[in-house]
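Going down the list, the protein sequences come from chains B and G.
Read in my numbering, the first sequence has 142 at position 134, and its numbers run on one by one without any break.
Read in my numbering, the second sequence has 320 at position 243, and its numbers run on one by one without any break.
Incorrect hints may have been included.
Computed spacing ranges between beta-carbons, pair by pair [stated by the list, open to error]:
#1 G:I378 with B:K361: 14 to 24 Å
#2 B:A66 with G:A233: 31 to 41 Å
#3 G:A233 with B:R70: 30 to 40 Å
#4 G:H380 with B:I222: 35 to 45 Å
#5 B:I226 with G:A340: 36 to 46 Å
#6 G:K195 with B:K194: 14 to 24 Å
Computed footprint of chain G on chain B, listed as stretches where at least three residues anywhere in the stretch have a Cβ under 8 Å from a Cβ of chain G [as the list claims (entries may be wrong)]:
#7 166-175
#8 185-191
#9 297-306
#10 345-351
The calculated DSSO-like cross-link candidates involving lysine-lysine, where the alpha carbons are at most 30 Å apart (straight line), are [said to hold, decoys possible]:
#11 G:K239 with B:K14
#12 B:K11 with G:K239
#13 B:K361 with G:K316
Derived from the structure by calculation, the hints contain no laboratory data.
From the three backbone atoms N, C-alpha and C, an ideal C-beta is built for every residue, glycine too.
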Amino acid sequence: MFKLEKRPQPSQAFAYLTPILAIVATMIAGGLLFMMLGKNPFESIRTIFWDPLFGEFAFYYRPQLLVKGGPLILIAIGLSLGFRAGIWNIGAEGQYIVGAICGAGVGLAFYPLEAWFIFPLMIIAGAFGGWVWAMIPALLKVRFQTNEILVSLMLVYVAEQLLASMSLGLLKNPDGHGFPGSRNLKDYPSAFNDEVITGSGMHWGVVAAFIAVIFAYILLNRHMLGFSIRLTGEAPRAARFASVNPTRLILFCLGMSGALAGLAGLFEVAGPAGQISIDFNTGYGFTAIIVAFLGRLHPVGILFAGLLMALTYIGGEIAQANLGLPAAAIQLFQGMLLFFLLAVDLLTNYRIKRISKEAV
Amino acid sequence: MDLSAINPALLLASLLVAATPILLAGIGELVVERAGVLNLGVEGMMITGAICGFMATIVTGTPLLGFIFAALGGAGLAFLFALLTQYTLANQVASGLALTLFGLGLSSLLGQDYVGLKPPSTPQLDIPVLSDLPFLGTVLFSHDLMVYFGIGLVAAVWAVLKYTRAGLVLRAVGENHEAAHALGYKVVRIRVLAILFGGACAGLGGAYISLVRVPQWTEGMTAGAGWIALALVVFASWKPWRVLLGAWLFGGVTVLQLNFQAAGVAIPVEYLSMSPYIITIVVLVIMSADKSRAPASLGRIFHASS
């Protein structure tokens with residue numbers, strides 16, 4: 009028989025080990041899944057994790073790692089702040105959409121003027137859009153104690169409808185021959201989120217993601233507000249005695265995660281996506297939840313987790329094209345990762361003890 | 078705009094149909110939450126139920142078997158949640174989210190060969206005299222059996238929670254798990270059973286969408302119904318009959334906005350489609366003033382040694 013015994017302190021070693029254990033477990037379970045789908049499990053796993061980095065066409069896929077990882081990291085950093093304090097913003101997808109709409113809207117309002125200030129203005133508008141969308145659950149929680157999980161999630165569906173309305177109405181390309189979707193910002197240099205270093209995949213959103221990682225690290229380790237966030241999550245009672253202001257914390261955490269998600273949306277619409285369209289959002293806001301947990305809510309961990317998750321996206325696309333693996337299998341694969349992660353996390357806080365039959 | 082085209086009898090009848098998925102999922106989640114567990118994976122369990130039921134119905138040709146498999150599918154996914162939260166003591170919010178993401182992936186994988194098929198129709202109630210009544214016949218007596226099953230389930234849950242020993246134990250576990258444990262009740266076992274029940278109900282609700290309401294399979298077809306079901310439990314202040322009331326309210330809003338769309342009201346379609354979600358938020362705000370009704374141990378992790 010086995011028995012669980014709570015550790016007096018969470019294990020440091022397991023805190024680092026559990027994400028790796030979870031990844032290994034996911035690879036094994038994923039391999040079994042791919043085998044059931046009639047694919048060679050080793051080949052599938054290699055295609056997903058190895059080929060994008062070191063395969064024959066890696067020079068093409070490596071930049072994609074930053075393109076896909078950038079928004080995931082940016083959103084996950086924001087989410088992790090709230091998750092640490094027990095404030096659950098689940099609606100990053102909606103904030104991402106609204107940020108993209110606001111940012112692109114500002115850019116398109118200036119069309120066809122060419123000026124240096126347009127892109128910075130779009131960045132501000134994008135962050136503002138996401139912030140406003142996140143302020144709805146924040147204010148409702150502060151004022152009426154409404155559950156922020158449900159409200160932020162409902163707002164995702166509202167944002168999706170808003171996106172549809174925008175790409176069919178207000179932001180529709182007047183020269184688009186009646187097709188839904190806005191003008192393509194790639195053809196509008198002042199608003200285009202170009203690569204900082206050509207061919208690297210490093211656009212301004214990726215730069216912003218790296219800056220966010222550094223800022224979050226400083227905030228959590230060197231700043232009073234970061235300390236309040238950690239304290240509230242780890243010892244709510246102590247936080248109350250230390251007169252941490254919960255209202256301020258809720259507004260900050262939700263606002264920050266909304267602004268970062270909005271930024272991610274703006275950089276995506278102005279860069280890789282290029283235009284507002286009905287199917288503009290691809291679920292980054294939800295995948296970022298997995299990224300935040302996989303990175304153990306730690307800024308540096310999130311950086312690696314974001315890149316790893318980007319890898320599964322790219323590897324998944326390759327596996328789709330070369331092995332005929334269905335797209336949904338990759339989604340399932342990512343979901344499994346979060347499952348295993350939560351399960352093995354047990355080892356961080358508990359010890360498994362063997363107890364003999366007689367002792368019972 | 079032609080509002081006269083909206084037939085009140087048909088409106089009320091379709092209200093009952095629109096309310097059934099969230100009613101089933103909501104009453105299941107109510108039992109789970111009364112046992113002190115917050116399962117945010119309702120959306121994932123619903124969509125899994127939707128595809129399991131759809132597949133079973135296509136393969137066997139009988140909707141009844143479809144609904145049974147949907148319940149099994151939903152309960153199967155819920156069992157994963159039970160393993161995570163009751164045995165490996167994982168955070169319930171995170172596990173619920175994982176369940177939803179996993180369920181969405183699983184269902185689109187299972188359902189990829191089933192897109193565009195049409196399931197056989199579910200049998201409808203047809204009582205010779207009652208179903209032919211002019212107004213009441215259409216509204217009350219000519220639905221498929223799941224509509225009545227949903228209402229019956231609410232009554233059953235209410236009666237069990239209020240009048241039976243099992244219901245009392247379940248509530249005790251939800252209100253104070255340490256005290257229940259000290260009295261010798263198997264907290265974990267009771268919670269696992271409640272979670273499985275909740276999963277089965279969510280699965281039925283999902284299957285109702287794919288087999289009756291739509292009826293066909295498309296990816297992500299539950300479109301937030303699981304989250305609305307979660308909001309429904311808060312709206313109902315954890316009381317069974319109020320879940321029914323809430324489900325009718327949400328069903329009414331959904332049906333009404335669809336009717337407005339069809340009638341060509343001067344509001345763009347997208348804004349009408351937003352309305353059920355916005356109303357959910359408004360209702361949540363109104364109801365969240367009263368937190369006293371929530372089970373005291375809701376969302377807290379139980380470990381016997383601590």
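Hint-by-hint comparison with the structure:
no.: 1; hint: G:I378 with B:K361: 14 to 24 Å; in the structure: holds, 19 Å
no.: 2; hint: B:A66 with G:A233: 31 to 41 Å; in the structure: violated, 59 Å
no.: 3; hint: G:A233 with B:R70: 30 to 40 Å; in the structure: violated, 58 Å
no.: 4; hint: G:H380 with B:I222: 35 to 45 Å; in the structure: holds, 38 Å
no.: 5; hint: B:I226 with G:A340: 36 to 46 Å; in the structure: violated, 57 Å
no.: 6; hint: G:K195 with B:K194: 14 to 24 Å; in the structure: violated, 42 Å
no.: 7; hint: 166-175; in the structure: holds (count 5)
no.: 8; hint: 185-191; in the structure: violated (count 0)
no.: 9; hint: 297-306; in the structure: holds (count 3)
no.: 10; hint: 345-351; in the structure: holds (count 4)
no.: 11; hint: G:K239 with B:K14; in the structure: violated, 36 Å
no.: 12; hint: B:K11 with G:K239; in the structure: violated, 36 Å
no.: 13; hint: B:K361 with G:K316; in the structure: violated, 41 Å
This entry does not satisfy hints 2, 3, 5, 6, 8, 11, 12, 13, going by the numbered hints stated previously.
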